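Undergrad: Below are the chains, spelled out letter by letter.
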Amino acid sequence: MAMRPALLSAGATALLLAGTGATLSYFEEALPTSLNPLFASSMVDFRAQDLVFDRLWYHDAITNELKSRVVDKWEIANGGAGIKITLKDGLKWHDGKQVTAKDLCFTVNAMLDKRTPSPMAEGYREVLKGCETQGQLTALVSFTKIYHNPRDRLGFAILPESAFEGTFITPDLSFSSQPKGSGPFKGSRGRRGVTFDAFANVHHAPQIAQLGLQEGGDPIVQVKTIINNGVQGIIAVPPAYRPEVSSSDEVALKSYDLRSWWFIAVNPNSPAMADKRVRQALNLLIDRTELRQLSIGAKPGEQNSPCEFISGPFVQSSPYYNRGVAVSERSDKAKARQLLTAAGLTEVGGRWHNKGTPIDLKIGMLAPLNNEAPDLLTQIGNQLGAGGFAREESRISVDEWNRKVVTGQATNYDLLVGKWSFGIVEDVNDLFHTRAGKEGKKNIFNYSNPQVDAVLDDFSKARTDTAAQDAYHKLHTLMADELPYLFLWKLDTRSAWRTEVRNNIITPYFYFTEIDGWRFGSGK
Amino acid sequence: MRWWVRPLVRLVAALLLPVAVPAIITLLIWALPGDPASIICPPESCGGTEALAARWHLDEGPWGFFSQWMMGALSGDFGNSWRVLQGGSVAELLAEAAPNTVMLIGLALLPVILGAVGAASGLIPRKVDGPLYLIGLVPALVLALVVAAVVQLNFGAGSSDPEQLARLLGGALVLGFADGAFSGAVSGVRGLFESENRQRYVSIAILRGETPLSNTLPNVAAALAGQLRARTLHLLSGTVVVEVVLRINGLGDLLWGGALRQDFAVVLPVATGFALLSAFLLLVQALVEILASVHIRRSPSLSVVAP
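Chains as they are written, first to last, in numbering that gives the first Met the number 0: chain G, 0 to 523; chain A, 0 to 306.
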């Protein structure tokens, strides 16, 4: 048996050597902030880290089946409050050392170390209780409670114990730019890009010798560069540039399922919008069809539109999406006027007033969204302006968004335009639960509704998929009535890859999970 | 004023500058809303903000932070970047960026110095002042954008050596000519020599068969050094714009990136680096002033003989 890993590894190396040795370069939306999985703060980070590390469990890109490349066997333990995991033998870190159960427990302990300043670890602290090794390759991971889908909760990347001095891990360690993982590529981040060198392992046999990540910049430059073979891939092509890419025989557009949806969060603590009728009226003033056309360029009735309207906090393909709730595609100003009047607002000189004071909406938008939907903020402002609301628009940097908006401190805004992205587990509890203790950590305007909290708690307590779906279907209905968010759409994400890049299966959310199968150039 | 006062003031300023700049930045850290630790790890959604702040000495107040940073810097330890290149060694970032900035300024100084020499020697005629002035009116930002577009169109968005060289040469061209760098050097030096040439001693020297330059140069050396320092400082500040727009991996770009992301582990040493360059220029100016003064005072004094 000991020969098997060695043979596999040798075979993988041979395949690697048979490759072309060429570098596959691609444009990312930005450079990754960190290559340490504990400090992932954007989709760019997740994608880059997926090349370097192995997640304990992941979902198959095609079958959606829960799989693991590192776990040999597992069994539920402690009556469901734990899971006993045996790792595969022969797995190696990029420095050649063996991946063991100690590394798995180190990762869990690092996340449980309260000094580790990682929002991601903070999330796992609610799920994980501890980890103890039971031999070289076996570990018992304990949960804080019984989960109906325990393996779904173990999607974290394993870190090597030998790369750290202790479980207190900070973002400024050199590991963040020169990480050591067990994934298919060894990563190294520089000032202008990231280089990933293939690393053959028992469980990985990458066919591409090197990947080069570059910061994308202007979309038009990205498109011209890929057409001229300056790079071989673009992770996200904005809808407006897709026709040009499609017209090239040498470049193909590929769908990237990001499960992300766009919204306008409404501040229910703003005096004018505390009444849900005002929020409903705003929802009716937004003409999504027009917005979509003016900002994204998608025409009404267009087939294969990149933009799919939603009526709640899930994408339409989600099992949690409640199809009984209709989407609002067009504005209805008459009905909006009725609702505003019923809520006690008065219209003076074409402007809505609340208790005699004119309403001036302060609208913010996460700045990078403008690349995907140019002028969206202005168009939203225009529609609300036409509906009788004065407005003040501003773009919010990613930093400010993370620091103020996500943490519920941007209360000086009335409306915030943003986008949430999800993996397979579309857990939206943090977005809508009352902000208290560990709950509601991403509740933008500190929205609070006991009825909504009860439904979210039902989801947390669900032991079956059906129970979880029921809870979120109810939530969807409630959200469509309460409208702490005006739900806009799911804008599909398309990547562009040159045709020399073959068999490039794109995994939802993490993107590169199936990179082992990708081919480039004259390699097999 | 005694001749040695000015150089002395410059020497003192040169000594204070590398300490004063990081001290002011440290105060700015405390004056700014929020802190870098809470950007990476907002206390509302993350449990380790305090530990992170302690690791970066942000919990020790401005003086504690400053003294810790100074001690590290004096021993050559600048730590790792907090955000610009998270986990990357700041010393390595500086070592990578500094040569590019020095080369950029060096190349940009070439036309400035040539312009000054041309003006001093009369090779650049006065009639070209008009066109030069017009060129100098173009802001560095605008010219940098034009050069960036040209480089982008010719070399794409890669980071190959020829592309980097093109960016560097383009950047030097922008710095050397935009914002009146070249025209200012020409008109400034010409004005200086013209006013000096009107002095009586120059006329006497000409009557004695000597060249005006050999007579005026010691007298204008201090002023020339001052002008050169001012022009170099002007180029230094321009490097931030040029490096950012042209994506040149230099100190200016590093400073901009660090400031934008509140990465003070990067901002402090880079700003101190700029302060050191500025201090060096002050020292050079002081030295030239001292040498010129000594030279003038060593000139033979004529004994007055009664007729």
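No lab work stands behind these hints: they were computed from the structure.
All figures in this text were calculated on a predicted structure; none of them were measured in a lab.
Yeah, the Cβ is synthetic: ideal placement off N, Cα and C, and Gly gets one too.
It is possible that some hints are incorrect.
Claimed, not checked - One side of the interface only, derived from the structure: several residues of chain A facing chain G at Cβ under 8 Å: (1) 45; (2) 51; (3) 248.
Undergrad: If a hint holds in the structure, say so; if it doesn't, say that too.
TA: Hint by hint, here is what the structure shows:
| no. | hint | in the structure |
| --- | --- | --- |
| 1 | 45 | holds, 4 Å |
| 2 | 51 | holds, 4 Å |
| 3 | 248 | holds, 5 Å |
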